[in-house]
Amino acid sequence: MKTFANSTFSTRICTTAIAASIAAVAMTGCGTADEGNSVPVVTTLTETDVSATTITSPPPSTDNPATSPFSSATCDVDTVTIDSAIAQIAPPMPGVGWVEGDSNVNTCASLTYVTLDTAGGTVSSPYQLLLFHDGEFLGTGTSCNLSYQTVAATADDRIDVRYRYLVGDEPNADPQGEVYVSYRWNGSGVDMLGDLPEAVTRGEC
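Here this note's numbering runs 606 ahead of the position in the sequence shown, where the first position is 1.
FYI, nobody ran anything at the bench for these hints, they're computed from the structure.
The structure presented is a predicted model; accordingly, all values stated were derived computationally and were not measured.
C-beta: ideal position from N, C-alpha, C; glycine also.
Any given hint could be a false lead.
FRET-style restraints, in silico, Cβ to Cβ [stated by the list, open to error]:
id: 1; residue 1: Asp780; residue 2: Gly726; range: 18 to 26 Å
id: 2; residue 1: Gly703; residue 2: Val729; range: 12 to 20 Å
id: 3; residue 1: Gly701; residue 2: Gln782; range: 26 to 34 Å
id: 4; residue 1: Gln782; residue 2: Val686; range: 36 to 44 Å
id: 5; residue 1: Val686; residue 2: Glu804; range: 33 to 41 Å
id: 6; residue 1: Gly741; residue 2: Asn792; range: 16 to 24 Å
id: 7; residue 1: Ala693; residue 2: Val729; range: 24 to 32 Å
id: 8; residue 1: Thr728; residue 2: Ala805; range: 18 to 26 Å
id: 9; residue 1: Pro700; residue 2: Asn778; range: 31 to 39 Å
id: 10; residue 1: Asp780; residue 2: Glu804; range: 17 to 25 Å
id: 11; residue 1: Asp689; residue 2: Asp780; range: 28 to 36 Å
id: 12; residue 1: Gly809; residue 2: Asp684; range: 17 to 25 Å
id: 13; residue 1: Gly809; residue 2: Asp762; range: 31 to 39 Å
Use the sequences and the hints to build the structure in full.
Spelled out as structure tokens, the structure:
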């Protein structure tokens with residue numbers, strides 16, 4: 607396993623290349639965040655065959671499915687932490703901001719998440735995934751904003767994410783390609799299990 611410690615990436619995307627350890631870029635729009643802001647990419651990479659690591663169907667969930675309500679449990683990620691994390695992420699497109707989507711921060715799991723949706727967006731608009739441990743923001747699963755990204759299942763130490771992509775001339779609202787990737791807490795950081803094909807990243811990250 608190859609670990610990229612303390613990896614960071616600039617929140618300037620699209621008009622300036624993003625440096626990152628693993629990533630995926632906003633596909634329908636992009637913008638530039640404040641110059642001084644940066645957010646860590648928290649994942650490490652397993653050096654195995656793509657065919658061995660790419661998940662083509664959802665892995666079985668051993669815990670609760672994705673939920674959206676926030677609760678007052680002591681292990682929750684507080685609003686200030688979430689707002690601070692969002693402020694570090696480049697906007698999905700110029701002049702358009704993020705809105706909070708699904709989350710499981712009320713579950714007290716070892717690895718929790720908040721999804722970000724494009725305000726007023728569609729299914730093909732950019733999304734982002736924020737990862738947390740013990741109420742602390744770790745960073746994003748990928749260094750770029752991605753379209754067609756949804757959380758499929760969760761376990762205490764794992765978040766399974768489905769990425770869809772266009773494979774032909776199908777409409778943007780109904781992409782036919784899909785791949786599953788897992789983000790797993792390893793006790794000190796997050797491993798990315800699986801690989802995102804170029805059809806998802808478009809070679810941008």
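Checking each numbered hint in turn, tell me which of them this model violates, lowest number first. 9, 12
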